[in-house]
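Asks: Taken in order, these protein sequences are the chains called A and B. Read in order, the letters of the first sequence correspond to residues 330 to 540 in the working numbering. Read in order, the letters of the second sequence correspond to residues 14 to 66 in the working numbering.
Just so you know, the hints here were simulated from the structure itself, not pulled from any lab data. Hints are supplied without guarantee of correctness; some may be wrong.
To be verified - Listed next, the stretches of chain B that the computed footprint assigns to chain A, with coverage defined by at least 3 CB atoms under 8 Å from CB atoms of chain A:
id	stretch
1	18-32
2	46-56
To be verified - Quick list of simulated restraints, FRET-style, between CB atoms:
id	chain 1	residue 1	chain 2	residue 2	range
3	A	Trp421	B	Asp58	54 to 60 Å
4	A	Tyr457	B	Arg57	32 to 38 Å
5	A	Lys415	B	Glu53	49 to 55 Å
6	A	Phe474	B	Arg57	36 to 42 Å
What the hints assert, rightly or not - Here are a few chain B residues that face chain A, going by a calculated C-beta distance under 7 Å:
id	residue
7	Leu38
8	His40
9	Val42
Since this is a predicted model, take the numbers as computed values, not measurements. No residue lacks a Cβ here, since even glycine has one placed at the ideal position from N, Cα and C.
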Amino acid sequence: MAMLGALWAIFLYAPTERVQGDVQRIFYVHVPMAWVSYLAFFVVFVASIGVATGRRPGWDAVGRSSAEVGVVFTTLVLATGSLWAKPIWGTWWTWDARLTTTLVLWFIYLGYLLLRANVPDEERAARYGAVWGIVGFIDVPIVHFSVELWRTLHPEPVVLRSDGPALPAAMLMTLLVAVVAFTLLYVLILSQRIQLERVRERLRLASSLLP
Amino acid sequence: MDSLGYLFAAYALVWAGLAAYLYYLAHSVAAAREEMRHLEAALRDDQARQHED
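Excised from the complex, chain A in its bound form (with noise of 0.2 Å):
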């Protein structure tokens, strides 16, 4: 329901950018989907914490799950990004400071799932995870804060500035009901995930049972 409301109010509310034009409505699910990818990455940093505190098996399923999920998502806001910076910028890519952050971000949780599926004890592979799970998230602030750190081509933040919130109240609500629709869609998706990790985990304990 509310990812057709945030349709509905991206195709038939929102207004037409005057410069850019309908492509600016990329903008609806990319900023969101960068906002579900650093909250994905915030669980797996305190998931991995209750890891690293010795709260497992609980913490790992979540941070592995949100892991893999965060990743899902920024590669779909690269692929957004790029989508709308051929049109407006005229490439597909080029070597930003947002673009070049959120590219390394991209592999630190790659380099986080691939840890994780190739280190065969469960035991040492959670706390491998949790190490880099806490270090990794070092780059989300980064990330964030790069288009005030350097000369970025990359719009600058629209919403969370100092001096409120830059667009028109029909674009900013828009964007608040995507932002809430794109939320509450990882909350689903992340349920989805730590249930697979949850029924791998008795099939392990099973398997262990077994002559």
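Since chain A is already given, all that's left is putting chain B on it; use the hints.
Replies: Here is chain B on its own, set in the frame of chain A:
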């Protein structure tokens, strides 16, 4: 490709990507549950054999 083409491509990619991932998750959960059922049946058989012995 004009401006609308890029817009369409972006939205198609987002929904196709999310749908594919949700399908993969649902399929993986169903496969893992099926494997769990087989394992539980094997465990029950094993316990029954141990009882008979």
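Asks: If a hint holds in the structure, say so; if it doesn't, say that too.
Replies: So, going through the hints one by one against the coordinates:
Counting residues of the stretch 18-32 of chain B whose C-beta sits closer than 8 Å to any C-beta of chain A gives 9, which meets the bar of three, so the coverage hint holds. With 7 residues bearing a CB less than 8 Å from a CB of chain A, the stretch 46-56 of chain B meets the requirement of three and the coverage assertion stands. Checking the proposed 54 to 60 Å range against Trp421 (chain A) and Asp58 (chain B) shows it holds: the Cβ atoms sit about 58 Å from each other. Taken as a hint, the range 32 to 38 Å holds for the pair Tyr457 (chain A) and Arg57 (chain B), whose Cβ atoms sit roughly 36 Å apart.
A beta carbon spacing of about 53 Å between Lys415 (chain A) and Glu53 (chain B) agrees with the range 49 to 55 Å that was offered as a hint. Taking the beta carbon of each, Phe474 (chain A) and Arg57 (chain B) are about 57 Å apart, not inside 36 to 42 Å as hinted. With a cut of 7 Å, the hint placing Leu38 (chain B) at the interface with chain A holds, because the nearest CB-to-CB distance is about 5 Å. Of the supplied interface hints, the one on His40 (chain B) is violated, with its beta-carbon coming no nearer than about 10 Å to a beta-carbon of chain A, more than 7 Å.
Hint on Val42 (chain B) holds. Least Cβ distance to chain A is approximately 5 Å, under the 7 Å limit.
The earlier numbered hints that this structure contradicts are 6, 8.
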